[in-house]
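Protein chains in written order, with the numbering used here: chain W, 1 to 136; chain Z, 1 to 388.
Do not take every clue at face value.
Claimed, not checked - Capping the alpha-carbon separation at 27 Å, the derived lysine-lysine pairs in DSS-like fashion look like this:
| id | chain 1 | residue 1 | chain 2 | residue 2 |
| --- | --- | --- | --- | --- |
| 1 | W | Lys71 | Z | Lys251 |
| 2 | Z | Lys114 | W | Lys71 |
| 3 | Z | Lys285 | Z | Lys251 |
| 4 | Z | Lys241 | Z | Lys114 |
| 5 | W | Lys71 | Z | Lys285 |
Honestly, the hints are just simulated from the structure, not real lab data.
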Amino acid sequence: MNTWNRSIFPIAVAMLIALPAAAFPQQSVADGVRLWSQNCGRCHNFRPAEERSDQDWATILSHMRVRANLKRSDTQAILAFLQSSNGTGESTTAAAPARAPADAFRVPAASSAPGTLEWSVAMIIRRALWTLPEVP
Amino acid sequence: MSISRIVAKRFALPLVTALLLLPAGTLSAQQQSPLSRFLVSGYASANYNVPAEGDARNNFSASFSPIFLFELSPDFLFEAELEFGLEEGGTTTTLEYAQVDYLGFENVLLVAGKFLLPFGVFSERLHPTWINKMPSMPLLYGHAHGGVAEGVLTPILSDVGVMARYAGSLGDVWGLDFSFYVAQGPSQAEHDEDGGDDHAHSIAPASVAAAANGQDITYPYASEIPGIAFGTNFSDNNDNKMLGARLGVVKGPDFEAYVSGFHSMYDDEDYLDLVGANVAAEVRKGGFEFRGEGAMLWQEFEVANEFPTLRSPAYYVQTSRRIGDFEPVVRWSHLLEAKVEDEVARDHRRQFAFGINYWMRPSVPLKLAYEIELDGADRFLVQWAYGF
Numbered sequence: 001m002n003t004w005n006r007s008i009f010p011i012a013v014a015m016l017i018a019l020p021a022a023a024f025p026q027q028s029v030a031d032g033v034r035l036w037s038q039n040c041g042r043c044h045n046f047r048p049a050e051e052r053s054d055q056d057w058a059t060i061l062s063h064m065r066v067r068a069n070l071k072r073s074d075t076q077a078i079l080a081f082l083q084s085s086n087g088t089g090e091s092t093t094a095a096a097p098a099r100a101p102a103d104a105f106r107v108p109a110a111s112s113a114p115g116t117l118e119w120s121v122a123m124i125i126r127r128a129l130w131t132l133p134e135v136p
Numbered sequence: 001m002s003i004s005r006i007v008a009k010r011f012a013l014p015l016v017t018a019l020l021l022l023p024a025g026t027l028s029a030q031q032q033s034p035l036s037r038f039l040v041s042g043y044a045s046a047n048y049n050v051p052a053e054g055d056a057r058n059n060f061s062a063s064f065s066p067i068f069l070f071e072l073s074p075d076f077l078f079e080a081e082l083e084f085g086l087e088e089g090g091t092t093t094t095l096e097y098a099q100v101d102y103l104g105f106e107n108v109l110l111v112a113g114k115f116l117l118p119f120g121v122f123s124e125r126l127h128p129t130w131i132n133k134m135p136s137m138p139l140l141y142g143h144a145h146g147g148v149a150e151g152v153l154t155p156i157l158s159d160v161g162v163m164a165r166y167a168g169s170l171g172d173v174w175g176l177d178f179s180f181y182v183a184q185g186p187s188q189a190e191h192d193e194d195g196g197d198d199h200a201h202s203i204a205p206a207s208v209a210a211a212a213n214g215q216d217i218t219y220p221y222a223s224e225i226p227g228i229a230f231g232t233n234f235s236d237n238n239d240n241k242m243l244g245a246r247l248g249v250v251k252g253p254d255f256e257a258y259v260s261g262f263h264s265m266y267d268d269e270d271y272l273d274l275v276g277a278n279v280a281a282e283v284r285k286g287g288f289e290f291r292g293e294g295a296m297l298w299q300e301f302e303v304a305n306e307f308p309t310l311r312s313p314a315y316y317v318q319t320s321r322r323i324g325d326f327e328p329v330v331r332w333s334h335l336l337e338a339k340v341e342d343e344v345a346r347d348h349r350r351q352f353a354f355g356i357n358y359w360m361r362p363s364v365p366l367k368l369a370y371e372i373e374l375d376g377a378d379r380f381l382v383q384w385a386y387g388f
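Please construct the entire structure, taking both the sequences and the accompanying hints into account.
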């Protein structure tokens, strides 16, 4: 093992240790978007992700898992989505997103059902809006 | 190359990198800390009630329902909801639920303590003031807090016991929602001289409801029918336990349907049956949301050495549509005649309500509604609710 390899190895180990908390699997977040839109709006309006910190969302999602009777993996996916979208920067590798516009959490129009092209475009626009920097 | 330079070159970069990443790495450990997982959530409301006719006065009221969440670990959650309300004579306090949840399984949840019973959907999931789209409850349900609803067919049901829940999938599109519970069960309510009841979670006796409406009752023993108290039986009044279940199917955000029921003996001697059945559905289409629920209670009672059964049906349907920050809502509630065989023990009550909500925030609605009581006095309601 040369000097470079000996240097890069601890870096890789350190990144692997830190990565699970620093970033969410993209598939989990994508599933979370879908599950969030399918489940959370059945009873109440969508709450802005920015309302809560990562820790708060973890506790609230445990509460909501019982109330809505959700599967564990589904709950974790929704949690990953909310934590990656709340703009606290606690658990995201991306730049901290700006405040989510209030409109982003309105109940999606019934005509834009999950899985449709319209729904996908709406979701992409929403995600883009959340990551736009605030105008000073 | 000196030894210090070699050490710096080989170890400094990885060390600095690891230190920079450490905060992110330790975040998950911090989240595991038991003390860091305590949270107060809940909801509150301020209400104004204006009777449109009759001698009743208009009045303000308020309610405050904090929910305490304490996550012992990712697998254990303790949650409790207190309800503070204003009623004549002072402040009322009710423990709506206080339960321990085990969340360690993928598809199964275990709950123990005092919990909301999965009888229908409104009682368990939709009754909080910031979720309920009207400032009052449909005639199917009653609630003492919030100041704008009375008990009718059943109160918001909660009881002490254990519950298991299963969440599964039926193919790629449909979901399965099943709950089964064993609880203390209801008891016979002792009503006071005014004919009312002294607890928030009780059903008024059929004779009292009939008398309040001033309508003709054909069943001669209507006054002998006892009231039923739910969730007040903290030392069980009999050996019987309440058994109940709910089965539901869910299709994305567009459709869900549930059937639920329970059975219990409610008297001290374990002799009188109480059976409840409920069907609920919700559909979202074309921007509209449609909700409906129907329920029936079969209550056995003793009179003149016989054991007849009182049948009490009720239902409601509601539709709403979000238009910007506004949301018009229309609801029809019908408490049908309660009968013993073919004799009327309690007359029907019909209510048409319409209103509009202004959503200041996704969890802060200002609700205005007018209730037309086809068999009683109309009223105008204003409610400012806040979910936090």
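Each hint tested on the structure:
1. Lys71(W) <-> Lys251(Z): Holds, because 15 Å separates the two Cα atoms, which is no more than 27 Å.
2. Lys114(Z) <-> Lys71(W): holds, 22 Å
3. Lys285(Z) <-> Lys251(Z): Roughly 13 Å between the alpha carbons, so the hint for Lys285(Z) and Lys251(Z) holds.
4. Lys241(Z) <-> Lys114(Z): holds, 14 Å
5. Lys71(W) <-> Lys285(Z): Given that 27 Å is the threshold and the Cα spacing comes to 26 Å, the pair holds.
When the structure is compared with the earlier hints, no violation turns up for any of them.
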